[in-house]
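Colleague: Let chain A serve as the given structure and place chain B on it in line with the hints.
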Amino acid sequence: MPELLRRFAPRGPQLPRVVITGVGLTSPNGDELASYRANLLNGVSGVVNYSIRHVGETLAGVCNFDPLRYQKRKEARRGTRAGAISIYCAHEALKDAGLALDGAQIGGRARDRVGVYIGITEHGNVETENQIHEVAQYGFDLSFWSHHHNPRTVANNPAGEATLNLGITGPGYCLGGACAAGNLGLIHGLQMLQLGIVDLALAGGVSESIHTFGIFASFRAQGALAKHDEPARASRPFDKARNGIVVSEGGALFTLERLEDALARGAKIYGEVAGYYVNSDASDFVLPSSDGQEACMRGALASGGLAPEDIDILNTHATSTPQGDEVECEAIRRVFGASPATYVNNTKSFIGHAMGAAGALELAGNLPSFDDGLVHPTINVEDLDPACEVSNLVLNEPVRPARLERVLNMSFGMLGINSAVVVERYRS
Amino acid sequence: MSNEEVVIAVKDIIATIAPDEELSNLALDVRLRDQIELDSMDFLDIVMELRKRYGVQVPEVDYMQLATLKGCVDYLGPKLAGKQLVQTAAR
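As given, the protein sequences belong to chains A and B, one line each in that order. First residue of the first sequence? That's 1 in my numbering, and the numbers climb one at a time after it. First residue of the second sequence? That's 1 in my numbering, and the numbers climb one at a time after it.
Looking at chain A on its own, in the form it has when it is part of the complex:
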């Protein structure tokens, strides 16, 4: 591990420790952490039948939060779905953290000392498709092209809408990281807190991807779009009969604070960020690499001074594609093959693949393990694929391990990006 990374690792000697103090989320099976967690423990899927133009009948994970809880109707009309998800998650995270929006301050911080860092897989496809559909009705007369197109499609839109809604005047932008993006938001937020750029970070990932037909059509063209007569059983990582991805929308934002700030205000602490790593496979546009994933896991462990046996829950990225799951399991066997107490689970089996939100939502779904002592399972495994056999894969029912101190959350994305975050139970 390079010396610089060692010094600036989450708990390196030179930088402050950072903790998670609030969670705001919307998922296909829950619009706040408690119900989401209950559904993950009770085997409740959020995947439903779904129809979208040009593609027709398919499956998706659809969120049911009320955007008007925090937005005026005009604001919701003007903005994007990703913006609405960001605004909802940001408010919910602040509320959960006990950080009030109060005049010139947010939770006691000046508004220019708050940062918004949101991971996205893609942004702008939804609005571009909508506009092309619209002008097609008018013979491609561009006088019918909306003036809202640019503000809706700029890459900072989801974070920017949150800053507008909440009156946050600190940095607010998005990090494009394909399906590894959910971890990127959190990692970047942590870094900005450690560097003293902000005093509070709203960080995580969002996705509006179910509203673009292109993503469904592209996965279908790739032979990677899930099909199943029963929607709840369609996302089935590690099962022999898995046949592709269920595309989902959603979001999860965390409030991140420096440990000393969180302690000073007596905040509830979900966990401490204990390690992270981001790398690139440099091998293929779409196919994952066990080598790159292995390096990413090992990098995250090393950044926290951890060994594989220090990890109690490994939350996989597995998306239910035949090849992707197999490649990931190979990487897991290499790193955790000699770590008998590490349990392996998967959240996409419940909610589908929430793209830029996936890493953040999946981490959020596992944080309550530090309180309830359970590892949520991966569901829909009826016939385990031998190529996906890994030790302690938690199948269909939760388990209660003897020890639960650390979660390693993995996310991988197209163009070969890998991201990993380790969160540890906070002990004073």
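Just so you know, these hints were derived from the structure itself, not from any lab. Careful: at least some of the hints might be erroneous.
[What the hints assert, rightly or not] The following label-pair restraints were derived from C-beta to C-beta distances: (1) A/399 / B/19: 46 to 56 Å; (2) A/100 / B/20: 15 to 25 Å; (3) A/334 / B/19: 50 to 60 Å; (4) B/44 / A/372: 18 to 28 Å; (5) A/100 / B/24: 28 to 38 Å; (6) B/25 / A/149: 28 to 38 Å; (7) A/139 / B/19: 22 to 32 Å.
[What the hints assert, rightly or not] Quick list of in silico lysine-lysine cross-link-like pairs, DSS-like style, CA-CA up to 25 Å: (8) A/74 / B/52; (9) B/11 / A/72; (10) B/52 / B/11.
Keep in mind that this is a model prediction, so the values were computed, not measured. We treat Cβ as the ideally placed atom computed from N, Cα and C, and that holds for glycine.
Modeller: Positioned in the frame of chain A, the structure of chain B alone reads:
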């Protein structure tokens, strides 16, 4: 379309664009932007809706003509003559 219908047509468009606003007591001769929250993007939305619903083109030099409801009646009345009233705003 009568003058009354032009007012209904414009208010219906505004109700779509600014759904949080109360429109029942809008004065005819006071600037719309002084009575409800409307910004320049909203105004472009109004112009777009006139184009979509009625095929009416409002060149930029004429935007000021639409500042009040009375201005809308005077300016749009001739352009909307013979057109069918369209109402889509949720009520």
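Colleague: Is 22 to 32 Å a correct range for the gap between the Cβ atoms of residue 139 of chain A and residue 19 of chain B?
Modeller: 30 Å, holds
Colleague: Under the criterion that the straight-line Cα-Cα distance not exceed 25 Å, is the pair residue 52 of chain B, residue 11 of chain B satisfied?
Modeller: Holds - the C-alpha atoms of residue 11 of chain B and residue 52 of chain B are around 15 Å apart, at most 25 Å.
Colleague: Lying within 28 to 38 Å: is that true of the beta-carbon distance residue 100 of chain A to residue 24 of chain B?
Modeller: Holds - the Cβ-Cβ distance for residue 100 of chain A and residue 24 of chain B, about 35 Å, lies within 28 to 38 Å.
Colleague: Is residue 11 of chain B within 25 Å of residue 72 of chain A, Cα to Cα?
Modeller: With Cα atoms ~19 Å apart, residue 11 of chain B and residue 72 of chain A stay inside 25 Å; holds.
Colleague: Does the Cβ distance between residue 25 of chain B and residue 149 of chain A fall inside 28 to 38 Å?
Modeller: For residue 149 of chain A against residue 25 of chain B, whose Cβ atoms are near 34 Å apart, the range 28 to 38 Å holds.
Colleague: Mind checking the hinted window 18 to 28 Å against the Cβ distance between residue 44 of chain B and residue 372 of chain A?
Modeller: 52 Å, violated
Colleague: Does the alpha-carbon distance linking residue 74 of chain A and residue 52 of chain B stay inside the 25 Å limit?
Modeller: This hinted pair holds, its Cα atoms lying about 19 Å apart.
Colleague: Given a hint of 46 to 56 Å, does the C-beta separation of residue 399 of chain A and residue 19 of chain B actually sit inside it?
Modeller: Because 49 Å falls inside the window, the suggested range holds.
Colleague: Does the beta carbon distance between residue 334 of chain A and residue 19 of chain B stay inside 50 to 60 Å, or does it fall outside?
Modeller: 56 Å, holds
Colleague: Given the range 15 to 25 Å, decide if the beta-carbon distance of residue 100 of chain A to residue 20 of chain B lies inside it.
Modeller: 24 Å, holds
Consistency note: the structure conflicts with earlier hint 4 alone.
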